Amino acid sequence: MNDVDGSQLPGFANEPHLDFSRAESRDAFADALAHVQAKLPLNEPLVINGRRIETSERIKILSPSDVSLVVGESACAGQAETELAIDAAEKAFHDWAATSAAERANLLLKVAEITRVRRLELAAIEVFECAKPWREADADICEAIDFMEYYAREMLRLGEPLRLQPDVLGEKNELVRLPLGVVAVIGPWNFPLAIPVGMMSAALVAGNTIVWKPARQSPLILGEMMRIFEEAGVSEGVINYLPGLGETAGRMLVESPRVHMIAFTGSREVGLSILRAAGKVPAGQRFVKRMVVEMGGKNAMIVDASADIDAALGDILVSAFGYSGQKCSALSRLIVHESIADELIKRFRDAVDSLKIAPAWDPGCQVNALIDNDARVRVERAIELGCRDGSAIYIGNLGEFENRGHYVAPAIFEGLPKDHELVRQEIFGPVVIVLRARTFEEAIEIANDSDYGLTGGVFSRTPSNLELARREMQCGNLYLNRAITGAIVGRQPFGGMKLSGIGDKAGGPGYLQQFMTSRAISENLMRHGYAPVKQT
Amino acid sequence: MMSPLIEPALDEARVEAETRRIGREIFAGRDRLRAGWSGLAHERLGESIMEMVMGDEELRHGLLRFVDAFPALHSSDQIARHFEEYLAPEGKLSAGMAAAFHQLAHLLGRTHWLSRYPVAWSSRRAIRLLARRFIAGNTPEHAAARLNEHQQHGFMFSVDLLGELVVSESEADAYQCRYLEMIEQLGQWVPPPADPAGRVFGPHINISIKLSSLTARFDPIDVNGTAAAVMRRVVPLLEAARDNDVFINIDMEHFTYRDLTLEIIRRLLETESLRGWDGIGMVAQAYLRDAETSLESMLEWLRDHNQPMTIRLVKGAYWDSEVLWASQRGWPAPVLSVKRHTDAQYERMTRRLLAEHAFVRTAIASHNVRSIAHALALANEMRVPQSQFELQMLYGMSGALGRALVSMGRRVRIYTPCGEPIAGMAYLVRRILENTSNESFLRQASHAGDEERLLADPKETRL
Ligand SMILES: Cc1cc2nc3c(=O)[nH]c(=O)nc-3n(C[C@H](O)[C@H](O)[C@H](O)COP(=O)(O)OP(=O)(O)OC[C@H]3O[C@@H](n4cnc5c(N)ncnc54)[C@H](O)[C@@H]3O)c2cc1C
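Chain order of the listed sequences is A and B.
Mapped onto numbering that gives the first Met the number 0, the consecutive letters of the first sequence carry residue numbers 0 to 535.
Mapped onto numbering that gives the first Met the number 0, the consecutive letters of the second sequence carry residue numbers 0 to 462.
These are calculated hints, taken from the structure and not from any lab test.
Remember, predicted model here, so these are calculated numbers, not experimental data.
Yeah, the Cβ is synthetic: ideal placement off N, Cα and C, and Gly gets one too.
It is possible that part of the hints are untrue.
Unchecked claim - Residues from chain A that face chain B, not an exhaustive set, calculated with beta carbons under 10 Å:
#1 P9
#2 G10
#3 N13
#4 A22
#5 F286
#6 R289
#7 I308
#8 L316
#9 E337
#10 A340
#11 D341
#12 I344
#13 S353
#14 P462
#15 D503
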């Protein structure tokens, strides 16, 4: 493999999304959907040590948009397969860790290139498997490409030994970075390609070997991605694709004394249990496990008295109902300044009533089906609670979609007590809680009154209030006068504070180092009082 | 079946010479009219505010943001606070700002600029005057007086309803109602002009609409869904317009909406109940890179469908946002990046449209004397009938220039927006942005002198 020359590589740039106002883009996307649909059902075996392994237990994927459509199935790793996968990763580690940073970066860039060529097909798989609408699916693939391009460049930077300061004659001090070992990457289904590929490619390019467990709800897209890594030439055992259940494969990975690090994105409940389990050090484990855990949010958007309401409404809709609210960054608490609340709520209500519920493959889809029946039941229960304990501003109607898939119509509530479960807990669905504030300061207090601290937003045209928000808002990603979802690699490194997670921001300058350890090396260059002037 | 015109060979040198001659005549007419006319209070004030902010980027930026936020500010305290935060951050004024205040205070007859209530009072008044310069009234009924005035001065008009962004189907319904009302009633408020010169061809009531205001979901990703939602509301509007003898122009918005807008126009023209009616107009934007290709394919379609059409040729009102959005998305900018390339493309498109005068009525919508003079020279040279050609300008931007053209016997239509101040602010900000931009013709031509440079052929000018 040819090494990349870091100095020749163009600077990082985001992969442009498709421009769907162009007929070519729309036609190409529709063609990709037809092409993928003709290939259904898909089948993905495990990939361990480069070998494809079937299991008798299966994970079946029905399309959330229409459960009569079988999207495919994957194998489902049990205890034996999980052990095998860890073995394979452990065996592959030595050689992979010995490759140069440039070689690993090169692999990632090559994968990014193949992904770019096949982006439409990958997006189409998500449309069927996860009910991602067109734009969201396209954006997810672009983000995956961005992560690979970004971390490849980060590795070229971090792969160079760091000359430590201050420089002293007769002494050479440098910091070199080393991979950890086996990393388990446990991904979510809501950004089915971007998040798992982001975590995995960071681990990979840093020189670790990987057991890659997709979410139970979205193994197929990652099976396709696994083939792309193989096509790009990743060595056997370096990435082991292990669809399985959280309770079995997931738990084993977390508890294994041979797994050095866990990168997880998902629910708070699972995230905290992983942190607890991984905190135990069984006999024979010679390291403390590293952890990067992203666990969601209860994100607030403040609309100030001076806000541009037209602009705010558009971005509120996108933030709250994009992918039906199934984003950890999604808007869940809308905090409105009293003086504009009535007007805003009325327009918001009518706007939500105008959203189109549809299968994700319909280009007009604005509210898609939820990921599975559990999600549907959970969100329906939340809506019942809201009706019981608060006042419903809006409860949508599913119409013809009542029994086709896992659809839930949007709902908006207000008048809930501030410690009510709907005000406190993540709902992960198309439900918004409206809270009124008498002043901007009070709005910030309400926003901060949460266990979580992932995203937050403010619409205001008062410079001093925006300044106050910059200082006071307790969230990892603060968005001023714009939507609070749709973070872009490099431009908006993503990750929360408080109970939203631990770990540095994905797509930012601190992320990759978490997958590495370092060694500070100090050499005495002096011999009998003589030392070279130029110390190399 | 109309056949494509074989473009007659033109005497290019003569067209160019005529362009210059007509251009000088327009300038001279403008300067004459200006000398005897000091303008209305709001025109003078608007002029001075714009003068002040030109060349002071900080002030321009602050003013635009203040104007943008203004409709949301309800108390004097709030107005004063925002005024300070935007225009006098950290409590101090730049030298340019201080001079500006002095002038503004003088204009408004106030002297205590920096105490709170006068600040609120004066800026409220200044912004109201500024808005009045570009927006004719809160409702069409209020604007009727202005429209009648236009007609008395020999102008024609097109009315535009400014409104909030439409985010719901009920708001789209409300819009449709406002348009319907206007279609049915404007004729009563504004009777046809007594027109000695016989300059009016077709309906004297002319309304401009934006298709995006007729659905909550104007999204090019879903052509059929959007078209269906828009058609449901716009077809009844057009039918009412036909029955009331009203002309409807469909404005052009951002580039992402262009192809969808053209597609809907084609579907409208094929709608059974509207067949054969020629009261619909469209817009072509010359600042788009692919403007000529797009125009060509529309002309071909119109010819194939035997469909007469009115086409307003503009440069394009969204240059700044098109450039910003494209760069944020990593897309190539859809607009040209050099101003004179837009001007040159505008001239090529003018020629293309005038050549089709057998079935295309061309509206040259510009305040640029060179662009206008070139169109006038070409129209003469190509013997375009009066009925197939008119000039258009924006309310508040035509001034002495518009009056000069009318006195030269030209047909000039004034695009006249009306609407509530909140809804109008986006429009107002666009106008201020344009009027204070370095590239703006009006700005460059605001003082006498330099006419020859301003009349130069854009395809030859080297800056
Ligand atoms: C009656 C009427 C109706 C209109 N309707 C519409 C409409 O439906 N849709 C619409 O988009 N606009 C519309 N406009 C606005 C029009 O597009 C122009 O913004 C405006 O008329 C200014 O152009 P000008 O020829 O008068 O002035 P000029 O000063 O000659 O031209 C300014 C224009 O040049 C272009 N420009 C500026 N900088 C650059 C640059 N660096 N590179 C390339 N090009 C540049 C921009 O289009 C800018 O508006 C309308 C204008 C009128 C008069």
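Worksheet item: Of the hints given before, which are not true for this structure?
Response: 1, 2, 5, 6, 9, 10, 11, 12 and 15
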